[in-house]
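Chemist: Take a look at the letters that make up each chain.
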Amino acid sequence: MQDQNQQAYDRGMTIFSPDGRLYQVEYAREAIKRGTASVGVRTADGVVLAADRQVRSPLVEEQSIEKLHRIDDHIAVASAGHVADARQLVDFAREQAQVNRLRYDEPIGVEALAKEVTDYIQRYTQSGGVRPFGVALAMGGVDPDGTPKLFETDPSGTPYEWKATAIGGERETLQGFLEDEYRGDLDLDAGVSLALRALAQSNEDIDPGAVEVTVIDSETHSVRSLDAEEIASHLDELDTGGEADE
Amino acid sequence: MSRFTDPLTGADAVGDPTAPELASGFETDSNAAQDRDEGAVNKTGTTTIGIATEEGVVVATDMRASLGGRFVSNKSVQKVEQIHPTGVLTLVGSVGGAQSFIRTLRSEAELYEVRKGEPMSMHALATLAGNFARGGPFFAINPILGGIDEDGGHVYSIDPAGGVMEDDYTVTGSGMQLAHGTLEGQYDREMSLADARDLAVRAIEAATERDTGSGNGVYVAEVTEEGVDIEGFDETDDAVASR
Numbered sequence: 046m047q048d049q050n051q052q053a054y055d056r057g058m059t060i061f062s063p064d065g066r067l068y069q070v071e072y073a074r075e076a077i078k079r080g081t082a083s084v085g086v087r088t089a090d091g092v093v094l095a096a097d098r099q100v101r102s103p104l105v106e107e108q109s110i111e112k113l114h115r116i117d118d119h120i121a122v123a124s125a126g127h128v129a130d131a132r133q134l135v136d137f138a139r140e141q142a143q144v145n146r147l148r149y150d151e152p153i154g155v156e157a158l159a160k161e162v163t164d165y166i167q168r169y170t171q172s173g174g175v176r177p178f179g180v181a182l183a184m185g186g187v188d189p190d191g192t193p194k195l196f197e198t199d200p201s202g203t204p205y206e207w208k209a210t211a212i213g214g215e216r217e218t219l220q221g222f223l224e225d226e227y228r229g230d231l232d233l234d235a236g237v238s239l240a241l242r243a244l245a246q247s248n249e250d251i252d253p254g255a256v257e258v259t260v261i262d263s264e265t266h267s268v269r270s271l272d273a274e275e276i277a278s279h280l281d282e283l284d285t286g287g288e289a290d291e
Numbered sequence: 264m265s266r267f268t269d270p271l272t273g274a275d276a277v278g279d280p281t282a283p284e285l286a287s288g289f290e291t292d293s294n295a296a297q298d299r300d301e302g303a304v305n306k307t308g309t310t311t312i313g314i315a316t317e318e319g320v321v322v323a324t325d326m327r328a329s330l331g332g333r334f335v336s337n338k339s340v341q342k343v344e345q346i347h348p349t350g351v352l353t354l355v356g357s358v359g360g361a362q363s364f365i366r367t368l369r370s371e372a373e374l375y376e377v378r379k380g381e382p383m384s385m386h387a388l389a390t391l392a393g394n395f396a397r398g399g400p401f402f403a404i405n406p407i408l409g410g411i412d413e414d415g416g417h418v419y420s421i422d423p424a425g426g427v428m429e430d431d432y433t434v435t436g437s438g439m440q441l442a443h444g445t446l447e448g449q450y451d452r453e454m455s456l457a458d459a460r461d462l463a464v465r466a467i468e469a470a471t472e473r474d475t476g477s478g479n480g481v482y483v484a485e486v487t488e489e490g491v492d493i494e495g496f497d498e499t500d501d502a503v504a505s506r
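If you read the protein sequences in the order shown, they are chains X and S. To convert a position in the first sequence, counted from 1, into the working numbering, add 45. To convert a position in the second sequence, counted from 1, into the working numbering, add 263.
Since the hints were made in silico from the structure, they are not lab data. Computed from a predicted structure; not experimentally measured. Careful: at least some of the hints might be erroneous.
Stated by the list, open to error - Taking lysine-lysine and the DSBU-like style, the derived pairs with C-alpha atoms no more than 30 Å apart in a straight line are:
{"#": "1", "chain 1": "X", "residue 1": "K160", "chain 2": "S", "residue 2": "K338"}
{"#": "2", "chain 1": "X", "residue 1": "K78", "chain 2": "X", "residue 2": "K208"}
{"#": "3", "chain 1": "X", "residue 1": "K160", "chain 2": "X", "residue 2": "K78"}
{"#": "4", "chain 1": "X", "residue 1": "K208", "chain 2": "X", "residue 2": "K160"}
{"#": "5", "chain 1": "S", "residue 1": "K338", "chain 2": "X", "residue 2": "K208"}
Let the sequences and hints guide you as you build the complete structure.
Modeler: Written out as structure tokens, the structure reads:
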């Protein structure tokens, strides 16, 4: 950052700095860190996505802050970073999912869709007069053969596949927690609990109304949002279970 | 056209579900296609047959190309081609349209497989073929798609307006009524692949006897889980005897 020449590679178009970095892409990753965290957990029978809404004022309607988005019957995404950028990618993914149905009359695979989205993101790191997307997505879904999948997209346009991951602020903390606690044999309920416990790493007083949880069930191939009551009962279990552990 | 464009090329970033991935320079004006001198267009006339059994799929075609069904312009046309590791398509209608259609679908199936890491299902391939026939640049074609996937053997007929219909057995081309006369009552889903082959060859034979657009021998494609085997015979009897 002390490099005097850095400024030349620091603004405007995304071009390489002499040491091979794309500063605009790195700044986009910083933008993602400014938001609250979202978590994705892949279990044996589906994928769980959970997000913490940051409510700046008691006057804001909580439901208007959307961090989890249904993409198709069998795929949903959690977003972290610029909400406006996320909305663009979400709608791109929705259209791409429908194009697959129109073209082949079959639901798109999670990996295929993640790659369509990251290929689109990549174009915004290699074109003039544009900036990269300041958003990361955790894309969870179920393949046509019933396999649950979880992918992450980042501003460089690279897709990553995860068993469990966190995006957004305090990512490292949440990721460390998931690395310690994740097991491959989790069921969906246990996945929801793990996701909520991960979110609690950055916010100890989780308000059921401020948390969004969506599950994609590999049995039904469908996306379902948990209502506040279900989330509250999961959180109650965690409170009692958590104290016993301590 | 979607509202998402590629910032580098300005092209639509979402893609047209009815157009080939690699379409360029195609004639999209269907009136211009219809204005062509029809008498100068090579047609397959044709009888093509697809039969699905438990063991696999047999597709058989005659070998004649003609100008308007009145002059035999070629006597050794291979009208069934592999387009997928376990799928074949027949050429029916305008030779140029059918050949272009085959090349395009072959590329699409390959792209799908390398991108998604698994071969296309026959249903997906038939849907794509129907989209192209309906909205694409392929002129006056009526092919049969036959192949195997995870769900077993499938046979589809694809009409010039993009209609896609699956059946246990199907026939397209100018000799279709004659071939159906042989097939009706003889087909059985449980029949062996060898019996299906003989039935398909005899049905082509019947059509070539009386349909002026069909003749000059038979090509037979057998599709099993192992892949595709295509062979041509000047004499229909040889196609049966080869078993």
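Chemist: Each hint needs a verdict: does it hold in this structure or not?
Modeler: Each hint, compared with the structure:
1. Between X:K160 and S:K338, the direct Cα distance comes to roughly 47 Å. Violation of the 30 Å bound is thereby established for this hinted pair.
2. Of the pairs offered as hints, the one joining X:K78 and X:K208 holds, with about 21 Å between alpha carbons and a cut-off of 30 Å not exceeded.
3. At roughly 23 Å between alpha-carbon atoms, X:K160 and X:K78 fall within 30 Å of each other, so this suggested pair holds.
4. Pair hint X:K208 plus X:K160 holds up; C-alpha atoms about 17 Å apart against a cutoff of 30 Å.
5. For the hint linking S:K338 to X:K208, the alpha-carbon distance of about 60 Å lies beyond 30 Å, and the restraint is violated.
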